[in-house]
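So the sequences go chain by chain: A and B.
Letter by letter, the first sequence follows residues 1 to 281 in this note's numbering.
Letter by letter, the second sequence follows residues 1 to 281 in this note's numbering.
These aren't lab readings, by the way, just hints derived from the structure by calculation.
The reader is advised that the hints may include incorrect statements.
[Unchecked claim] Only part of the chain A face toward chain B is listed, based on derived beta-carbon distances under 10 Å:
1. Gly155
2. Phe214
3. Glu230
For glycine and all other residues, C-beta sits at the position ideal for the given N, C-alpha and C.
There are 2 protein chains.
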Amino acid sequence: MDKMNFCIVGLGLLGGSYAMALTEKGHTVTAVDVREAAIDWARRRGIITEGATDGFEPLLERADAVVICLYPDIAAPWLREHQKHFKPGVLITDVCGVKGHYVDEVQSFLREDAEFIACHPMAGREVSGVEYADCAMFRVANFLITPTAKNTRRGIAFAHALADDLGFARVTELTCAEHDKVIGYVSQLTHAIAVSLMNANDDPHLVDYTGDSFRDLTRIAKINDKLWSELFFANREVLCGEIDAFTASLLDLREKLATGDEAGLRALFVKSTERRRLFDK
Amino acid sequence: MDKMNFCIVGLGLLGGSYAMALTEKGHTVTAVDVREAAIDWARRRGIITEGATDGFEPLLERADAVVICLYPDIAAPWLREHQKHFKPGVLITDVCGVKGHYVDEVQSFLREDAEFIACHPMAGREVSGVEYADCAMFRVANFLITPTAKNTRRGIAFAHALADDLGFARVTELTCAEHDKVIGYVSQLTHAIAVSLMNANDDPHLVDYTGDSFRDLTRIAKINDKLWSELFFANREVLCGEIDAFTASLLDLREKLATGDEAGLRALFVKSTERRRLFDK
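Extracted from the complex, chain A is given alone in its bound form (with noise of 0.2 Å):
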């Protein structure tokens, strides 16, 4: 796309890698967060041109694109704050796990001159700060746009050049209630297991006795708390019902177990082994 002036609103993780890729790409990049260390990194690793905790209304003056990475229950509050500072026409995207009511809040109480066009790039690491900022984690990654009836062309269009900017493998466009369903499934309920799988025994000789299976289905059970906590209860409704679609399907095999009918066993095996070769192609 063409060259932007893009204000990143949160410089963490996921706030890092985007101006790291971004700046790359020949954008101008700005930084906004709580911590002057982050900015400072930033900085002196030239991923972005300047960076401010506070006296930052010029930079956001100056954006033409503002990219919100911020913890989610926070980022609907500063919009609704900051947003008189916004240059008319701006577009303004967001890294939120969960898109439910507060997308329809935020469009519901912005200017009219700005837009909202929501993201969120399914990527992420175990750690959290700028200093951990890899953009190449975005290759192997996809991104998902959830559009609504408020979001223009132009919005739009945006949020593709953006992904590609950014160097996502795979871009979709779902609803917003789409993208809670499969969110509540293939992320939140995955955490929630890998939690719970943790939580489930306390033997501290573990890590002496486990295989690689054990390991890979626990690797997200080191989980930042306040983020997925905030994610959780923003799609609660939808992630109680995958908890108990998946335990439906857990007890459904245990019951094959423990009344011994090996043919009915065998085939949740075959079932699940057909499904998972799609994820191979």
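For chain A, the structure is supplied; the task is to place chain B on it using the hints.
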């Protein structure tokens, strides 16, 4: 250890990987399998010197050590039928993922001049067949030895030397009961979860939306249905108990989510994060 003559019974992924590692260490390795193609492949690659699908008695008669790499349900019957051909003083080991009653059974009918020392190499892949053999997978894996009162110092020392020659990263001795309890949790429960997660949703477009976490949690949902059905039934009581403990842990998380207990939910995340960190050392 001193150079020995090994006979591998069952030349699949694991048997083939044993043959490869032991040949590299200078041992003489022969093999018995039902597939002529498996024998041919291994002989052409030089990972065995000889092999046979029938008329294999001379291979057994010459072997100082026999490694049983058969499906769990046929391991004991095979030993019962063919032990008459073993050399006096032979050391026998296996790769079976459940030890329970099976080790006792084998040791109860085994010839007085032979010793069975049970082992569980915790390595594998989502494919089968000697054609995928690769002893490099042992270098990051755990090797479990489950001696009983019937085992001698010589037998146990052999198992340790074997793990060493195969190149395993870590070796642990456990009782058969401890082994099955641990395996029920770290291996069988994780496979039950992966299968059930994969089967809980039939959206064919999931691949477009998934992140690394879902892929990691379902990698082992591609599963050898015959092998894992036998392993699950052989450890049925333990595995049902582990499924119950895990389900209770997951439903505790669901309860905190449903009732809005933010502090309780975050405490679960903090606990799982601390526990998972132990695995990073």
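Checked against the structure, which of the hints given earlier come out wrong? As far as the earlier hints go, only 1 is violated by this structure.
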